[in-house]
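Input sequences plus hints: build the corresponding full structure.
Protein chains in written order, with the working numbering: chain A, 1 to 309; chain B, 310 to 618; chain C, 619 to 927.
Everything labelled a hint here was simulated from the structure, so no lab data went into it. Among these hints, one or two may not hold up.
[What the hints assert, rightly or not] DSS-like cross-link-like pairs, simulated, lysine-lysine; straight-line CA separation at most 30 Å: (1) A:K33 / A:K285; (2) C:K658 / B:K349; (3) B:K482 / B:K501; (4) B:K559 / A:K119; (5) B:K342 / A:K119; (6) B:K594 / A:K40; (7) C:K869 / C:K903.
[To be verified] Examples of chain C residues lying across from chain B (beta carbon under 10 Å, computed): (8) P650; (9) E678; (10) A679; (11) E687; (12) R885; (13) Q904.
[What the hints assert, rightly or not] Chain B is nowhere near these chain A residues, computed Cβ spacing over 10 Å in every case: (14) T30; (15) S36; (16) N153; (17) P194; (18) D214.
All C-beta atoms, glycine included, are put in the ideal place defined by N, C-alpha and C.
Listed below, chain by chain, are the residues.
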Amino acid sequence: MLKGRHLIEPGDFQIEEIESIMQLADNIITNPKGYSLVCKGKLLASLFYEPSTRTRFSFEAAMLRLGGEIIGFDDPNNSSVSKGESLGDTIRTIECYSDIAVIRHPREGTARLVSKFAKEMPIINAGDGGHEHPTQTLTDLLTIRKYKGGCDNHVVGVCGDLLFGRTIHSLVKTLNRYEGITFIFISPKELKMPENILHQLNPDSYRETTNLDDVIGELDILYMSRVQRERFVSEEEYLRLKDYYILDKKKMRKAKEDMIVMHPLPRVNEIAIEVDDDPRAVYFKQAKCGMYVRMALIAKLLGVEDNND
Amino acid sequence: MLKGRHLIEPGDFQIEEIESIMQLADNIITNPKGYSLVCKGKLLASLFYEPSTRTRFSFEAAMLRLGGEIIGFDDPNNSSVSKGESLGDTIRTIECYSDIAVIRHPREGTARLVSKFAKEMPIINAGDGGHEHPTQTLTDLLTIRKYKGGCDNHVVGVCGDLLFGRTIHSLVKTLNRYEGITFIFISPKELKMPENILHQLNPDSYRETTNLDDVIGELDILYMSRVQRERFVSEEEYLRLKDYYILDKKKMRKAKEDMIVMHPLPRVNEIAIEVDDDPRAVYFKQAKCGMYVRMALIAKLLGVEDNND
Amino acid sequence: MLKGRHLIEPGDFQIEEIESIMQLADNIITNPKGYSLVCKGKLLASLFYEPSTRTRFSFEAAMLRLGGEIIGFDDPNNSSVSKGESLGDTIRTIECYSDIAVIRHPREGTARLVSKFAKEMPIINAGDGGHEHPTQTLTDLLTIRKYKGGCDNHVVGVCGDLLFGRTIHSLVKTLNRYEGITFIFISPKELKMPENILHQLNPDSYRETTNLDDVIGELDILYMSRVQRERFVSEEEYLRLKDYYILDKKKMRKAKEDMIVMHPLPRVNEIAIEVDDDPRAVYFKQAKCGMYVRMALIAKLLGVEDNND
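What follows is the structure, given as structure tokens:
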């Protein structure tokens, strides 16, 4: 039962629970009208202490498409945070008004902290600092399920900034809970997957390389990621590395015909525009999956998925 | 009849009118679904020229839970105020789009001014500078009614910053219109209840003290208030006084078993966290009462409270 | 068929198409309840990269009064624009969440650019820099139709800043597509209608003057406009010219009894407050027309106008 639960990091849910969310997302995709009123009369508090239009829109569209409504803010400066109130009091007050809350906060651990104060209201972590972003992971899983038929038995290439990539760490840890996954980590040496993640994997289940060209032909899934300027110590380092692993038409020619290219977006230039029209490029479809999986998640946490009559 | 009226300060309404709002709030609390569509097709303009997440959320949740919708802003910098338009023109334009408006503005008297330009649209004052905040008063009254059975015949302790406390002045003036109220004002000498408020009270109906411990045992209601750093002339004065009147478990032991502790929130440290679990602490329930009383107020001013069929 | 089309500038639509929007707006005004659910389940993305409370409220109220819902932002600083994403990617992502989008952007041509990336989602230009603002033109046309019986055969005075007035250029070009329109352009020499607009008109269909008093008696419609401080090179120039063409009661005495006074709002002081109560002053009614015409436009572009059963 997911009703009343919080989602702070992907590990909070069993694989069976994640699969039940995927199943509901599938049903919603097939029959959106059947779910367009299940959240009638419910309110989502959309609490963005750090701006993130994409994630915020995805959650708000999800709630509205379930028939629910939104209260929220997208800028901490417009909130009353400055009056010295504790986050615990803030969340207990917001719980008076709303039925479920999404929180994004620049400080690691904030979502977990806040969830301890919410007595009845489920809390969804929409990103806390460099830490976790579990609904991106659910988005990635739904995309793989939808465009590769399921999450087991794939060779998954993960390319780009693997050192700082928050969403990538969550995805790898979660995919590792499925059967028959082989990872190929593709990054410059300076941005390798950190040891603490590698230690959680079976040594036979992954390889590391610095060359996308060498391995692209083996992949079922290629997960590209953004090189975030703000993660680098110097502008020179950024400029030297940012174009290192750019996916273009030439590289795509070596890839399998049924490989899919994923990206959490926004991209800067790590995928050339010319790739967008390739049917294997599913990154915009992935964004749409993000909305559907959030619909399923909200409905599950509120326990309203069967309100469709 | 409250339909079409403005609420700028508590004195705008007769006690009988206030009681009719309380009665409707009671009905909504008992049967929220019965009122979940009464504002269908109605729009609330939520005009926050000064940020106030708590108050804004309360109003917006109220409107949405009545089935209405919201347009609004929470930051004057994102509005077109800067183009030199008068507030009168602004409000006449907004009246083209919406059915009722809530306004919060840093300048005293703005809500009253604006209400003179609105020809058909009720205006609710959500705070104008240090002046009035009438829906906080309604919130306080509904809390007293709900948790003390009614607003007559109580010994009411009011503690903290009584000099600058906007919400406290409104509450005292309004409670004074009920029967059998005795006030005990508890504050440092520097932050005493101002003379112009005391002059409005029967001299037999109040006492002043500097010591919460001495009087807490007599109280039916203890209304705590925040010591606002920005009200003090110096940081030293603030530091000297802020912890002076902190409510903790030790003080609570001397209080009546059915006393209630109220606070308009946000609190800083004037109520110790350890008091939160005491059943007499109703300040978070008070926030919830705030939403319900705003639902009742909006429904009354729009004249839609009987749309529940 | 307007379904699925974009509206970037008034010239995108044939006169017959514009008239079909007007006709629908008339129907909505007559029977608003009949259209209160036609956008049920639809989402409007309200993308204001430049603040504009008035325009934003008008669009959002329009969508909500059709039964639709809103996601959006009113401040580019709270969006993820800063992460270096292209507008094309932004719009393709937003298309995953919403059914139609309104965009206002300070850079000329942005709405047109963005519309090329939207594959299924209609884009409405709500103003791009000094360039176009087509829904203001539709607003003006509906106002003329409603208060003058139709858009053909009028003497139209256009007064104020004719050089920089974005909304005025659009209106003149569009009215010029109707029958029997005579324009009288009234402005200081420094702010005359630009040559490129005049060249599009039949030389017999317009006159220019610097004196409102001389011509006001001939007019069926007087369109006043704001003198925008930010358009002037110096403060002195602004102060010298701004009060030059102020409409007051005295001037109104010379006007026809059935002339109407229009203004896109906000006004500063180019129309004296004393004129507001004159029945010929329709500028606030014009703002209301703006909401209705946007309702009609949204319903047409979504192809849902017949969902009223």
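Problem - Violations among the numbered hints, reported as their numbers in ascending order - result: none
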